[in-house]
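Q: Single-letter residue listing:
There are 2 protein chains.
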Amino acid sequence: MKLDLDTTADLPVFRQLALALQTKILSGELQPGARMPAETALASENGIHRSTVREAIRSLEQQGLLYREEGKRKLFVSRPDTEELSRRLVTPLVMNGVTFEEIWEAIRALDPVAAEAAANRRNADNLAALEDNISRTRAAMDDPDALVKLDIEFHELIALAANNRVIQSLRLPISDLFYPSFQTVMTSLNASERLLTAHEKILQAIKWGDADEAKAWMIKHINDFRKGYELASLDITDPAVFPKARQA
Amino acid sequence: MKLDLDTTADLPVFRQLALALQTKILSGELQPGARMPAETALASENGIHRSTVREAIRSLEQQGLLYREEGKRKLFVSRPDTEELSRRLVTPLVMNGVTFEEIWEAIRALDPVAAEAAANRRNADNLAALEDNISRTRAAMDDPDALVKLDIEFHELIALAANNRVIQSLRLPISDLFYPSFQTVMTSLNASERLLTAHEKILQAIKWGDADEAKAWMIKHINDFRKGYELASLDITDPAVFPKARQA
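Going down the list, the sequences are from chains A and B. This note's numbering numbers the first residue of the first sequence as 1 and each following residue consecutively. This note's numbering numbers the first residue of the second sequence as 1 and each following residue consecutively.
Be careful, since some hints might not be right.
When chains are identical, the list treats them as one kind, so a pair holds in a single copy or across two.
Here are the computed lysine-lysine pairs in the DSS-like style, where the Cα-Cα straight-line distance is at most 30 Å [unchecked claim]:
1) 227 with 72
2) 201 with 74
3) 149 with 24
4) 207 with 149
5) 220 with 201
Since the hints were derived computationally from the structure, they do not count as laboratory data. These numbers come from a predicted model, not from an experiment.
Could you build the full structure based on these sequences and the hints that come with them?
A: Structure follows, in structure tokens:
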């Protein structure tokens, strides 16, 4: 595979190569599942060092655009997993000491817009999934662990009903970081009735296609999260911790 | 380094190992810059296969928690770069065909909350940087390319003034995806005066600590983006394209 590389340019050749291959993948010329040419072939056909090819390939592997089976040399084009890539943000956010307040604020930004969009774009499947979530929530009023899981699911279903894949992806790392502490809130306070009421009001507004009402109730609900924190004597300015259930 | 692994558990051993090492890194027991034990040592001390160790290490490398210099075997602990990890989302979002509308909606969610938070948390440095951005914007009224760059900078400075690192990170991939097309809008329409007015109003509200006003003007400004699209006869439901300036 002969690529258009300029060894006299400022941009390092391995970056040019990575960019050229990335362009072929993004344009669909190289489809997910396709076998990549061998390192040696890429090096000789483009008159570059094998170590340059290796560096470009490593960068594409890190982006999830190339994949090789463990211990094998054959490389394949792959479609990066948005969900997995998004969740990788959890680690550096924790290492940088972001606080619950920063996370809470990001949820307060995304979820009301998601609720608004859900009211505008709702369909029967999304409504049925939300109904089902709420009836399971009603049955779990005395089970704080189940309620937290159902709450996470409810908010994910709202993002799904919003039909916005960007918002769906961006929420994942913040949801992962936010909820472990919410468990403490749910266990120590009697917050289940308030949670159920808010979810019911949000769903009702979405059903009626009332975007403003859906948004207003979502804002109320997320402000309640914060009050719950304070009532449970948790400090919202504490750094977030790495969720225990997460797997490397 | 002897780790607590259970070869009879359901979770694959390489995942257990990756998780154990990740925990040591996140807890600070293994600090960024520290040398990692060799593969062979990890394998023999834990009574596991070297290929298992290699798989765990690959997973941590992909998360940016381990780093090795090109062509060398020595592994070091590293702190993943939030900005770089966040920007990696651009690729799968483009490959999945997300639309400008989805991206626009995510900006409409994040930036008004950022403006609100900036009004509540402003400090002299942030205000000076925003002032400076606006005076350069005033000087660039006839230069659409410069205006787009200054607009990107303005919105990043707002997120900075909001003092919210989660919102700062989440905005990056959507800003990267959104602005290339905004260039078309700025070039074809006479949108520069409206943009300057909106930025001035937002900064004024932030200076006065008027969070509601800052938010309201940001919403207006972002709604204007969308109108600009429509006036420029661009279709907001078209899939986003990979930004040309981006490097692999």
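Q: Taking the hints in turn, state whether each one holds.
A: Results of checking the hints against the structure:
no. : hint         : verdict
1   : 227 with 72  : neither (53 Å within a copy, 51 Å between copies)
2   : 201 with 74  : neither (53 Å within a copy, 56 Å between copies)
3   : 149 with 24  : between (41 Å within a copy, 27 Å between copies)
4   : 207 with 149 : within (23 Å within a copy, 41 Å between copies)
5   : 220 with 201 : both (11 Å within a copy, 27 Å between copies)
Of the numbered hints listed earlier, those contradicted by the structure are 1, 2.
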